[in-house]
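Protein chains: 2
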Amino acid sequence: MGTVERIEAVADKVAASQQSGNQLVIAVSAMSGETNRLITLAAAIDEQPNLREMDVLVSTGEQVTIALLCIALSKRGIDSRSYTGGQVRILTDSAHGKARIKEIDDHRIRADLDAGLVVVVAGFQGMDEDGNITTLGRGGSDTTAVALAAALKADECQIYTDVDGVYTTDPRVVSDARRLDSITFEEMLEMASQGSKILQIRAVEFAGKYSVPLRVMSSFEEGPGTLITLEDNDQMEKPLVSGIAFNRDEAKLTIRGIPDQPGVAYKVLGAISAANIEIDVIVQNVAKDNSATMTFTVHRNELVRAEMLLKELAVEMGALEVDCDDRIAKVSIVGVGMRSHAGVASQMFEALAKEGINIQLITTSEIKITVVIDERYLELAVRALHSGFGLETEAKQER
Amino acid sequence: MGTVERIEAVADKVAASQQSGNQLVIAVSAMSGETNRLITLAAAIDEQPNLREMDVLVSTGEQVTIALLCIALSKRGIDSRSYTGGQVRILTDSAHGKARIKEIDDHRIRADLDAGLVVVVAGFQGMDEDGNITTLGRGGSDTTAVALAAALKADECQIYTDVDGVYTTDPRVVSDARRLDSITFEEMLEMASQGSKILQIRAVEFAGKYSVPLRVMSSFEEGPGTLITLEDNDQMEKPLVSGIAFNRDEAKLTIRGIPDQPGVAYKVLGAISAANIEIDVIVQNVAKDNSATMTFTVHRNELVRAEMLLKELAVEMGALEVDCDDRIAKVSIVGVGMRSHAGVASQMFEALAKEGINIQLITTSEIKITVVIDERYLELAVRALHSGFGLETEAKQER
Numbered sequence: 006m007g008t009v010e011r012i013e014a015v016a017d018k019v020a021a022s023q024q025s026g027n028q029l030v031i032a033v034s035a036m037s038g039e040t041n042r043l044i045t046l047a048a049a050i051d052e053q054p055n056l057r058e059m060d061v062l063v064s065t066g067e068q069v070t071i072a073l074l075c076i077a078l079s080k081r082g083i084d085s086r087s088y089t090g091g092q093v094r095i096l097t098d099s100a101h102g103k104a105r106i107k108e109i110d111d112h113r114i115r116a117d118l119d120a121g122l123v124v125v126v127a128g129f130q131g132m133d134e135d136g137n138i139t140t141l142g143r144g145g146s147d148t149t150a151v152a153l154a155a156a157l158k159a160d161e162c163q164i165y166t167d168v169d170g171v172y173t174t175d176p177r178v179v180s181d182a183r184r185l186d187s188i189t190f191e192e193m194l195e196m197a198s199q200g201s202k203i204l205q206i207r208a209v210e211f212a213g214k215y216s217v218p219l220r221v222m223s224s225f226e227e228g229p230g231t232l233i234t235l236e237d238n239d240q241m242e243k244p245l246v247s248g249i250a251f252n253r254d255e256a257k258l259t260i261r262g263i264p265d266q267p268g269v270a271y272k273v274l275g276a277i278s279a280a281n282i283e284i285d286v287i288v289q290n291v292a293k294d295n296s297a298t299m300t301f302t303v304h305r306n307e308l309v310r311a312e313m314l315l316k317e318l319a320v321e322m323g324a325l326e327v328d329c330d331d332r333i334a335k336v337s338i339v340g341v342g343m344r345s346h347a348g349v350a351s352q353m354f355e356a357l358a359k360e361g362i363n364i365q366l367i368t369t370s371e372i373k374i375t376v377v378i379d380e381r382y383l384e385l386a387v388r389a390l391h392s393g394f395g396l397e398t399e400a401k402q403e404r
Numbered sequence: 006m007g008t009v010e011r012i013e014a015v016a017d018k019v020a021a022s023q024q025s026g027n028q029l030v031i032a033v034s035a036m037s038g039e040t041n042r043l044i045t046l047a048a049a050i051d052e053q054p055n056l057r058e059m060d061v062l063v064s065t066g067e068q069v070t071i072a073l074l075c076i077a078l079s080k081r082g083i084d085s086r087s088y089t090g091g092q093v094r095i096l097t098d099s100a101h102g103k104a105r106i107k108e109i110d111d112h113r114i115r116a117d118l119d120a121g122l123v124v125v126v127a128g129f130q131g132m133d134e135d136g137n138i139t140t141l142g143r144g145g146s147d148t149t150a151v152a153l154a155a156a157l158k159a160d161e162c163q164i165y166t167d168v169d170g171v172y173t174t175d176p177r178v179v180s181d182a183r184r185l186d187s188i189t190f191e192e193m194l195e196m197a198s199q200g201s202k203i204l205q206i207r208a209v210e211f212a213g214k215y216s217v218p219l220r221v222m223s224s225f226e227e228g229p230g231t232l233i234t235l236e237d238n239d240q241m242e243k244p245l246v247s248g249i250a251f252n253r254d255e256a257k258l259t260i261r262g263i264p265d266q267p268g269v270a271y272k273v274l275g276a277i278s279a280a281n282i283e284i285d286v287i288v289q290n291v292a293k294d295n296s297a298t299m300t301f302t303v304h305r306n307e308l309v310r311a312e313m314l315l316k317e318l319a320v321e322m323g324a325l326e327v328d329c330d331d332r333i334a335k336v337s338i339v340g341v342g343m344r345s346h347a348g349v350a351s352q353m354f355e356a357l358a359k360e361g362i363n364i365q366l367i368t369t370s371e372i373k374i375t376v377v378i379d380e381r382y383l384e385l386a387v388r389a390l391h392s393g394f395g396l397e398t399e400a401k402q403e404r
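Residue numbers (the numbering used here), protein chains in the order written: chain A, 6 to 404; chain B, 6 to 404.
Accuracy of the hints is not assured; some may be wrong.
Pairs involving identical chains hold if they fit within one copy or between any two copies, as the list cannot separate such chains.
[What the hints assert, rightly or not] The calculated lysine to aspartate or glutamate pairs, modelled on EDC-like cross-linking and capped at a C-alpha distance of 20 Å, are:
| # | residue 1 | residue 2 |
| --- | --- | --- |
| 1 | Lys18 | Asp51 |
| 2 | Lys214 | Glu161 |
| 3 | Lys272 | Glu39 |
| 4 | Lys293 | Glu13 |
| 5 | Lys214 | Glu326 |
| 6 | Lys214 | Glu355 |
| 7 | Lys80 | Glu397 |
| 8 | Lys214 | Glu52 |
| 9 | Lys80 | Glu52 |
| 10 | Lys316 | Glu161 |
| 11 | Lys80 | Glu317 |
| 12 | Lys214 | Asp160 |
| 13 | Lys107 | Asp265 |
| 14 | Lys80 | Asp51 |
| 15 | Lys18 | Glu108 |
To be clear, the hints were calculated from the coordinates, so they are not data collected in a lab.
Next up, chain A with everything else stripped away, as it sits in the complex (with noise of 0.2 Å):
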């Protein structure tokens, strides 16, 4: 929810739909920039504000929105109602700022939809057993719909965006990359966890766990966006491989010659993640002499503390070296029709070979198999990878 141009966008979507014959409930998130301007307010009085009332001061956002929404479809003749979480009630824990959602009662919105109404709901927050209100966390706005839908037993959950579905790959990096008709929740979950950054992971786990059908589209184009669905829908035509993702957040940490004995791995992980150093692609393998060569990935911004951290240990391990390199990318191909045939990673190692690209590390998952890759070559991998897997054209790949 954008600008007040943009809540108009969606009253007029809102309107037609309805017009169509459609029950709808609307979650909604904060206007651009309005969650920033309240946490700014709190950070002039405090840099680490009581988490119970930012709550509080930050619920206030969505809440604008499902006001100036309802005005906008009154406008328009549509009866509606806004909500806030604690209104209807959105019952979560107490983890204020990133409270998980317990449990909903429908009895008001099924109330007012029944009675033709179009009910409009603040996301992205709840309240507890208490009364106190809390919120679910950044992003949290999809998780609320997806959370409505599932207690709603709705048909669909829409959830609008800036783009109008979910690609085969970036079209910034591949002009010919296709909107997919659909996906399944465990490719989306692979593609949002590599950097396609359309839905909120939770949001995507949530429908998935409560079967809940979720559409990504377009908050400002016609057309029918990408579904997410459930692993068995088309099984038959789906193809092995059914998108690329890639990011370049993140750097490439090595400590060599680690003299090889038990424990070593948890050593040097444990102490990263007790920084609160979060990691990525881990690689371990031992040498002719016994000495270990571990190397993963940490976010670009870790990179130095990581360092710091890393060759600390060497000293205190007697490992030989520590080294870095921030200049990497990391491409994954995702499908879940990779699970049941053999042969897909070498097809990928094949498509990269070709184009002379190099292969730093590998992890594969059942339905993802990750590459890092020098950053310069990113986009060429992708681009061979996409027509590699013949991507650019519906259902064309060998099964």
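Once you've looked at the hints, dock chain B against the given chain A.
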């Protein structure tokens, strides 16, 4: 609650008051400009926005302040808890935008006070029986404070304002105007309705009705302020006249030569009221030829509209002419002392006559005498009355 700085200043005051052993419940208003900012957002969508949703919207203003004040208290090591009107809960009727408080549930507040917490409540808002957010209308934060004080049987309700108390008259007009230590509710009501804008009339009425001792204090300076009490207190020492109120917001209309017949007053004033124009002073008399002359005052902003209406009416009723004058001012002396003393009116008229000030209209109530004069003599009149009744020195007047 103007700015973050002002919130910090209030937090300091609260901290000091709590340390001296007081149990505190604070009702707050929105930050300066916030309510108008929200109203402007809504007006950008619909010039006549849905009233229920306007309350959802504007009530966020006070919600922001309660959170920020609690954050500021928390930084000072003071345990506090914020509540929206609905959370308290402050039960109101369903008249959105001008709701009236029906009942306050004080059990959460009492429990918090008993636990040593400072309680911060969003002013200006409540919740109706169906859980809808309501607002009490502009300036309603004072009313919330008084209602809470009444419900909690508080020792005193302190209203923090831009001024350090109630004065015998406006110090910008009379340099030796004196801060009153106390004033009765009735006097305060008369002062308020005559243009002394320190407190909302409704809050004073409410405080009088429930006998809540009210104290007007400065948010910025130290000092005892002015206590607003029941009539009985210190009646012995009450001066004849407590203060001089005035305003120049009004304009005068006169319709002359109305053929006198029953229902004339109703016909004229009814038509003005029906157009939603508020009428203040009204004077009517009958000439020798039995034709009537009626004069009344309206707010200057309404003069053009009232004049048009009155000219139409004059034709309809066969009246002679309609006169307007917007160069007038209204001056009142207020005091419960005059109830039991004759001669106050003549003392007033004498003071004005000495300065050669012509009186255009006179109205009186039990504790107030109001005159309408030429606007040019307003300051002169106020000063003459202030010294005529000896208001610059305490309790020195003739009784």
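- Query: When no copy is named, should Lys293 and Glu13 be tagged within, between, both, or neither for a Cα gap of at most 20 Å?
  - Reply: This pair counts as neither: shortest intra-copy Cα distance 67 Å, inter-copy 66 Å.
- Item | 20 Å Cα threshold - placement of Asp265 relative to Lys107 | Neither: 46 Å inside a copy, 75 Å across copies.
- Query: Between copies, within a copy, both or neither: which fits Lys80 and Glu397 at Cα up to 20 Å?
  - Reply: neither (44 Å within a copy, 57 Å between copies)
- Is it within a copy, between copies, both, or neither that the alpha carbon of Lys80 lies no farther than 20 Å from that of Glu52? Answer is between; shortest inter-copy Cα gap is 9 Å, intra-copy 41 Å.
- Query: From the Cα coordinates, with 20 Å as the cut-off, is the pair Lys316 and Glu161 best called within, between, both, or neither?
  - Reply: Classified as neither: same-chain Cα gap 51 Å, cross-chain 64 Å, threshold 20 Å.
- At 20 Å max between alpha carbons, let me know whether Lys214 reaches Asp160 within a copy, between copies, both or neither. So Lys214 and Asp160 pass the 20 Å test inside one copy only (16 Å; across, 55 Å).
- Quick one: Lys18 to Asp51, C-alpha cut-off 20 Å, is that within a copy, between copies, both, or neither? between (41 Å within a copy, 18 Å between copies)
- Indicate which option fits the pair Lys214, Glu52 if close means a Cα-Cα distance not exceeding 20 Å: within, between, both or neither. neither (37 Å within a copy, 44 Å between copies)
- Could you place Lys214 and Glu326 in one of the four classes (within, between, both, neither) given a Cα distance threshold of 20 Å? neither (44 Å within a copy, 81 Å between copies)
- Task: Pop the pair Lys272 and Glu39 into one bin, within, between, both or neither, using alpha-carbon distances up to 20 Å.
- Result: neither (43 Å within a copy, 53 Å between copies)
- Query: Is it within, between, both or neither when you check Lys214 against Glu161 at 20 Å Cα-Cα?
  - Reply: within (15 Å within a copy, 55 Å between copies)
- If the cutoff is 20 Å on CA atoms, where do Lys80 and Glu317 land: within, between, both or neither? Let me know, please. neither (65 Å within a copy, 36 Å between copies)
Hints 3, 4, 5, 6, 7, 8, 10, 11, 13, 15, counting from the list given before, are not met by this structure.
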